[in-house]
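Residues per chain, in single letters:
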Amino acid sequence: MVRPGPGCAVWEITLRCNLNCMHCGSAAGKARSDELTTDEALQLCDDLKGIGCQGVAMMGGEPLLRKDWPVIAERVRNVGMDLSIITNGYKIAESKFQQILDINPELVTVSIDGGHAAVHDKIRGVPGSFKEVVATLRRFVESGLPTGVITTVHKMNLSELPTIRKLLLGTGVAWQIQMATPYGRLTYDHVLSKEEYYSLALFIAATRKRYSKKEIMIAGAHDMGYFSRVLPPLQVYPWQGCQAGISTLGIESNGNILGCLALPPKFVEGNIRERPLKEIWNDDAFSSYTRKVRRTDLGSKCASCTYSKICKGGCSAVSHSMAGGLHRDPYCLRLIEGELKKSD
Amino acid sequence: MSLVDMIPVGIELLRLSGRERVYAILSRLFKAKPISPAYRRRIRPLGASVGLSEAEVDEVISGSPNVTSLPFWLKWVLVVFIIIVLILGAIGVTGSYVPWFTNPLYVPGTDYASIKPKDFL
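Protein chains in written order, with this note's numbering: chain Z, 1 to 344; chain C, 345 to 465.
Isolated chain Z (complex conformation) (with noise of 0.2 Å):
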């Protein structure tokens, strides 16, 4: 069966960094010793493209790292894909911006996990990089970009949000929020609660009441939510359950292919060396956790929940991370409210 192609592939093109997040959920750092050549990365463009993918979101790592990234990106836009640019804005060089400027991609995103510099600095493992990023993302702005800022939220930073928010009142950037989870480099002692990831989404739902889209465009992402019997939603469009497979598809830089990147390394599906990506998208086994759920696949909270055949119990990768199986997210806005209501 001929499935239609995935929204957008989130393409880690390197996992080499010059930076060491604490949060990293692929502990980035060294490039892997078999990244894909140039050759092959702009055959995956080709082949994408082929199985009806509209858009590449290039990260890493650091993507802007790799010496043929420019080549890469060209190739996503000549074959008529949307193209988004994942960087931490750290030491971009006035040439590398203009390659930026001169590709220029439908958005451009840059990393800011702390409001002071101390934090920041501290989170992303290097000092001097609150500084750098913050004018990145000024030079960004004021070229015109479509623009994005990504915060990764854990214990470190969850009372940076209004200082952040100051940052960004009036630039016109799009600001995502997300929730940290323990892959990578990231601890479980760093994780949010429960109480503080409700606190998270106040603030998204607060900010969104009190500030117009003119001054901040926030959201939360793809582990902010769900079906809220309080809060106003916080994403952009509507949770439709995790879309891991279905209208996103994760590669890593090895050509390894799963149906989200942040996914753990279990869940890779298949190499596109030594398959190819046209054949592993339409295998009807790939990414069948979120393909083909089942209500008995759902943990028995999400089971019983009203919302369960739209939202198929969450985030794969929240839930698996902090609950152990798929389909049973706990961090969900509408269990933990039954849970606060149930303590009073």
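Don't read these hints as lab results, they were simulated from the structure. On a predicted model such as this, the values are computed, not experimentally measured, just so you know. Certain hints may be false.
[As the list claims (entries may be wrong)] Lysine-lysine pairs mimicking DSBU-like chemistry, simulated, CA-CA at most 30 Å apart:
1. Z/LYS122 to Z/LYS96
2. Z/LYS309 to C/LYS419
3. Z/LYS214 to C/LYS419
4. C/LYS462 to Z/LYS209
5. C/LYS462 to Z/LYS166
6. C/LYS462 to Z/LYS131
7. C/LYS419 to Z/LYS213
8. Z/LYS213 to C/LYS462
9. C/LYS419 to Z/LYS209
[What the hints assert, rightly or not] Cβ-to-Cβ under 10 Å is the rule here; a few derived chain Z residues that face chain C:
10. VAL173
11. ARG229
12. LYS341
Each residue gets a CB set at the ideal place from its N, CA and C atoms; glycine is no exception.
Dock chain C against the given chain Z, drawing on the hints supplied.
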């Protein structure tokens, strides 16, 4: 995401949220407020850790989702549509419109960095 995919999901969301709305109205009729003072007191401190005042938390948990960006006529179309769905739901004509096996094409904002400024417009 195609319009064809949106229709059943939209109907399902309306059906489910409509059911909750009816429940909330009935609760109010029977003087049972959806958010009790005790529950409110439980949630307020959670906002303090992200710099929110009690008033800000109260505002966000008391209000309904912000739909002020919808044009006036569309609000009325939605109201009429919701009423029809509620009536159909009440008389048991509607079932769930969403099969367990769905094949949605694209949901922006469900993966890393796909949220663009234009998605908010």
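Each hint, compared with the structure:
Taking the CA atoms of Z/LYS122 and Z/LYS96, the gap is about 26 Å. The hint holds against a cut of 30 Å. Taking the CA atoms of Z/LYS309 and C/LYS419, the gap is about 27 Å. The hint holds against a cut of 30 Å. Under the criterion of a C-alpha separation no larger than 30 Å, the hint pairing Z/LYS214 with C/LYS419 is consistent with the structure, at around 22 Å. The straight-line distance between the Cα atoms of C/LYS462 and Z/LYS209 is roughly 19 Å, inside the 30 Å bound, and the hint therefore holds.
Taking the CA atoms of C/LYS462 and Z/LYS166, the gap is about 21 Å. The hint holds against a cut of 30 Å. Between the alpha carbons of C/LYS462 and Z/LYS131 the distance comes to roughly 27 Å, so the proposed pair stays at or under 30 Å and holds. Taken as a hint, the C/LYS419 and Z/LYS213 pair is honoured in the structure, with Cα atoms around 20 Å apart against an allowance of 30 Å. Under the criterion of a C-alpha separation no larger than 30 Å, the hint pairing Z/LYS213 with C/LYS462 is consistent with the structure, at around 11 Å.
Using a Cα cut-off of 30 Å, the hinted pair C/LYS419 and Z/LYS209 holds, with the two alpha carbons roughly 19 Å apart. Given hint, Z/VAL173 at the interface with chain C, holds; its Cβ is 7 Å from that chain's nearest Cβ, closer than 10 Å. This hint holds: Z/ARG229 has a C-beta 7 Å from the nearest C-beta of chain C, less than the 10 Å allowed. Restraint check, Z/LYS341 versus chain C: the minimum CB separation of about 6 Å is within 10 Å; hint holds.
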